[in-house]
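Visitor: Sequences are here, hints too, so could you generate the full structure?
Residue numbers in the sequence shown follow UniProt numbering, run continuously in steps of one, and reach 582 at the last position.
Treat the hints as calculated values from the structure; they're not laboratory data. For each residue, glycine too, the CB sits at the ideal point set by N, CA and C. Keep in mind that a hint or two might mislead.
To be verified - Here are the simulated EDC-like pairs of lysine to aspartate or glutamate, each with C-alpha atoms no more than 20 Å apart in a straight line:
{"no.": "1", "residue 1": "Lys331", "residue 2": "Asp248"}
{"no.": "2", "residue 1": "Lys386", "residue 2": "Asp280"}
{"no.": "3", "residue 1": "Lys250", "residue 2": "Glu466"}
Stated by the list, open to error - Here are the computed distance ranges between Cβ atoms for each label pair:
{"no.": "4", "residue 1": "Gly388", "residue 2": "Thr185", "range": "52 to 58 Å"}
{"no.": "5", "residue 1": "Gly553", "residue 2": "Gly232", "range": "57 to 63 Å"}
{"no.": "6", "residue 1": "Thr309", "residue 2": "Lys384", "range": "50 to 56 Å"}
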Amino acid sequence: MAIRFLNMRRVARPLSLAAATILAASAFAATAQGSSPTATWPTGGQNLDNSRSQPMENTIGSANVANLAPKSGFATAGAFSTGGGDVSATPAVDVNRVYFPASNGKLFAVNRSNGSVAWSLDIADLTGIKPSNGATGSDYARATPALAGQVLIIGTQSGKFQTPDFAAAHPDLKGAYVLGIDKATGALLWKTKVDDHFAAIVTQSAQVYGNTAFVGLASNEEAFANQDLSGGIPYTCCTFRGKLVALDVKTGQIKWQTYMLPNEPGYSGDAIWGSTPAVDPQRNSVYVTTGNNYSLPADRITCVDEATTFEAKQACLPGNQFDAIVSLNMKTGAINWSYRALASDAWNTDCGLPGFSEGGTNPGNCPTDAGPDYDFGQGPMLLKAKIGGKLTDVVGAGEKSGDFMMLNRDTGALLWKTHVGPGGLTGGLQWGSATDGKRVYVAESNSANPSVRGYWSALNPATGAELWRTYDPGTGIGGEACAFFPGCTWSQVGIAFGYSAQGPVSVANGVVFACSLNPVGANMVAMDAATGAIKWTFASGSSCLGGAAIVNGTVYWGTGYRSFAPLTTAGDKLFAFTLNGQ
Numbered sequence: 001m002a003i004r005f006l007n008m009r010r011v012a013r014p015l016s017l018a019a020a021t022i023l024a025a026s027a028f029a030a031t032a033q034g035s036s037p038t039a040t041w042p043t044g045g046q047n048l049d050n051s052r053s054q055p056m057e058n059t060i061g062s063a064n065v066a067n068l069a070p071k072s073g074f075a076t077a078g079a080f081s082t083g084g085g086d087v088s089a090t091p092a093v094d095v096n097r098v099y100f101p102a103s104n105g106k107l108f109a110v111n112r113s114n115g116s117v118a119w120s121l122d123i124a125d126l127t128g129i130k131p132s133n134g135a136t137g138s139d140y141a142r143a144t145p146a147l148a149g150q151v152l153i154i155g156t157q158s159g160k161f162q163t164p165d166f167a168a169a170h171p172d173l174k175g176a177y178v179l180g181i182d183k184a185t186g187a188l189l190w191k192t193k194v195d196d197h198f199a200a201i202v203t204q205s206a207q208v209y210g211n212t213a214f215v216g217l218a219s220n221e222e223a224f225a226n227q228d229l230s231g232g233i234p235y236t237c238c239t240f241r242g243k244l245v246a247l248d249v250k251t252g253q254i255k256w257q258t259y260m261l262p263n264e265p266g267y268s269g270d271a272i273w274g275s276t277p278a279v280d281p282q283r284n285s286v287y288v289t290t291g292n293n294y295s296l297p298a299d300r301i302t303c304v305d306e307a308t309t310f311e312a313k314q315a316c317l318p319g320n321q322f323d324a325i326v327s328l329n330m331k332t333g334a335i336n337w338s339y340r341a342l343a344s345d346a347w348n349t350d351c352g353l354p355g356f357s358e359g360g361t362n363p364g365n366c367p368t369d370a371g372p373d374y375d376f377g378q379g380p381m382l383l384k385a386k387i388g389g390k391l392t393d394v395v396g397a398g399e400k401s402g403d404f405m406m407l408n409r410d411t412g413a414l415l416w417k418t419h420v421g422p423g424g425l426t427g428g429l430q431w432g433s434a435t436d437g438k439r440v441y442v443a444e445s446n447s448a449n450p451s452v453r454g455y456w457s458a459l460n461p462a463t464g465a466e467l468w469r470t471y472d473p474g475t476g477i478g479g480e481a482c483a484f485f486p487g488c489t490w491s492q493v494g495i496a497f498g499y500s501a502q503g504p505v506s507v508a509n510g511v512v513f514a515c516s517l518n519p520v521g522a523n524m525v526a527m528d529a530a531t532g533a534i535k536w537t538f539a540s541g542s543s544c545l546g547g548a549a550i551v552n553g554t555v556y557w558g559t560g561y562r563s564f565a566p567l568t569t570a571g572d573k574l575f576a577f578t579l580n581g582q
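Guide: See below:
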């Protein structure tokens, strides 16, 4: 799960097949986002490989990145203000504009030339989920929009604030949508309800290939497991099932959807929320990662408890793709293979949140022998690596356990696993790693050790060996950070700042860009990709979880995370950095 400390409510109801509501026929043709270099940043992972790398960058490099400064003439002092909404998504960038959502419910299109607004809209106006229609909150989005020709594709988050009581009374004001928007005007082209569960959300950025958009479904249901319904009745956890959905780019119609776990009572979870899917056209395959189970059938828990080996425990859970890297057929959604990293991992918030709650509010919701909640919180990356002297197509991803795993792309066989650092409720490894083919770059949040700050590392793609490690340079760990939040405890500071290096990393032309949740001091960082040496820092003044998008000598980067984690700080800016601010 991606931990959310606000509005911890959600779910209950069997899932129904989501049906697309087509509002307008689109005349726009989709263009494939190939792995070939592009002078844009069209989705969260930049390309089909989900490498979070910009191969066309040749202006900013390790030798001059120290000269980065907010761009003169871009909005106000080099930063565009959202008017009160955190920007935690990597922005999408095309030839003329930058596109990004904010936590205040806005979706912006900003001109790259000067930071002026081309258009903006309220997500809630498109879905109708807003207080004026009787909803308990206003719908919003938080993922990187995916650009497909003239269509901008983004999912929604109303499951963050819905409750089962309200959803039962207002079935028209619940569920997760994917929206198709005209990127030129902001006009709605289509909207598709991709899941009817009241807690369903879309945290993942879509990946587009040809006329198909692939996007995963997640939920906030596990966060509702320690809450009560009206009248003090304990909520019974859980029913949401994670899935991958393939949508027609032109119409929004669902082509196929594949669930990650059996349709049997007691099974729930396996959300797909990590960054962006990856696509391999040659293999006709799409790759995703999944999270933990929220619950398991009692007989399956007994089977796992009685099994004595890793393999035997996994055999107790057939068809349950929890904490997994999964390969699927792009055209049919059939699962090609699945690699599960743990023997079992069933967890929800009734098991407790370290530093915040002890759990046990609703007896029976926390599974017996609960797991560690070690989701894959980032999508997989595709690359080539020399394995046994042979150049091999591989797929890899980092997990909240702190492990990064590299697999054979054809078979799903594990090639190597590196324990980068301690795992924890929020990592370990989350949100997004990057590769330029030479190295794999990761962010270790170190949430299990709040007295030790997080760090960034580079790994050898062939062996997994750690090549360098650079600690977050920011101050404000411990007591200094508590100055922002009077009365906060050390453990709470740890959850907010001690593992500060949470955000996704990006790489371009020998420079790795990373940022920190710590609002004190320098929290935006550029490092030499070969050595890890810090070449540039910037004090944004707010917590930072957003990833950098690097396009044609400009780094676009958002700030703020208070809307999702109260012990971080709010930010309302999208920065544009250029050499010497020119």
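Visitor: None of the hints should be skipped; say for each whether it holds.
Guide: Each hint tested on the structure:
1. Lys331 <-> Asp248: Holds. Lys331 to Asp248 sits at ~12 Å (cutoff 20 Å).
2. Lys386 <-> Asp280: Holds. Lys386 to Asp280 sits at ~19 Å (cutoff 20 Å).
3. Lys250 <-> Glu466: violated, 44 Å
4. Gly388 <-> Thr185: 52 to 58 Å: holds, 53 Å
5. Gly553 <-> Gly232: 57 to 63 Å: Holds: the Cβ-Cβ distance is about 58 Å, inside 57 to 63 Å.
6. Thr309 <-> Lys384: 50 to 56 Å: Once the Cβ atoms are compared, 34 Å apart, the range 50 to 56 Å for Lys384 and Thr309 is violated.
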